[in-house]
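K.L.:
In order, the protein sequence lines correspond to chains A and B. Numbering-wise (my numbering), the first sequence opens with residue 277 and increments by one. Numbering-wise (my numbering), the second sequence opens with residue 684 and increments by one.
Check the hints yourself; a few may be wrong.
[As the list claims (entries may be wrong)] Here are the simulated DSS-like pairs of lysine-lysine, each with C-alpha atoms no more than 27 Å apart in a straight line:
hint, chain 1, residue 1, chain 2, residue 2
1, B, K760, A, K298
2, A, K316, B, K705
3, A, K295, B, K705
4, B, K760, A, K316
5, B, K793, A, K298
6, A, K312, B, K752
7, A, K298, B, K705
8, B, K741, B, K783
9, A, K298, B, K783
In short, the hints are calculated from the structure, not lab data.
In case you want the letters, here they are:
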Amino acid sequence: ETGVTQTPRHLVMGMTNKKSLKCEQHLGHNAMYWYKQSAKKPLELMFVYSLEERVENNSVPSRFSPECPNSSHLFLHLHTLQPEDSALYLCASSPRGRENSPLHFGNGTRLTVT
Amino acid sequence: AQSVAQPEDQVNVAEGNPLTVKCTYSVSGNPYLFWYVQYPNRGLQFLLKYITGDNLVKGSYGFEAEFNKSQTSFHLKKPSALVSDSALYFCAVRDSGTYKYIFGTGTRLKVLA
């Protein structure tokens, strides 16, 4: 158990579908992250939330829409995705304001866009 | 801007031999450096970090890392490799003053029986 739980673990969706990825952390952290991991590419930071406020948005296409209703939950809403969006989507958390703290990751959602 | 580089895509080592996975960094200010491991179908797991102090940092599963300021390196080491150490290893640096953690491209470690 990592302390950060992501659901679903696997998701297959068509290009016209709408789906959501969910992340939940029970570590008392107040900063949460979405990363995209594609084969043979560096981890790409997508979004960062601190105390439910978005503080980083790395030029992510609008077909990805994050939501952070409280410091324990983070969502990534998906719509009209492209096949190149197929990847492992990782959620992570950390204590806000402590630069020497590591990120704690969930096990990811493996997304396949058909 | 902060960055890390992992020059090797893959490292092969025989079981029982020492292993080294290389990482170099570029930072302004004090470096906060991290190593993570990723097993198949899993997220990244934290192994160890360097903040300040001793240049040799000890972490989980018998891993350690050597911080070298003059060479701007933070290599991951283990005295005796296990087959179960085979995984993908990532070096990362915290971008000071931001929320960003910047990751290297990863090094796949294969330990051969």
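K.L.:
Where does the structure disagree with the numbered hints, that is, which hint numbers, in rising order?
P.N.:
1, 3, 5, 6 and 7
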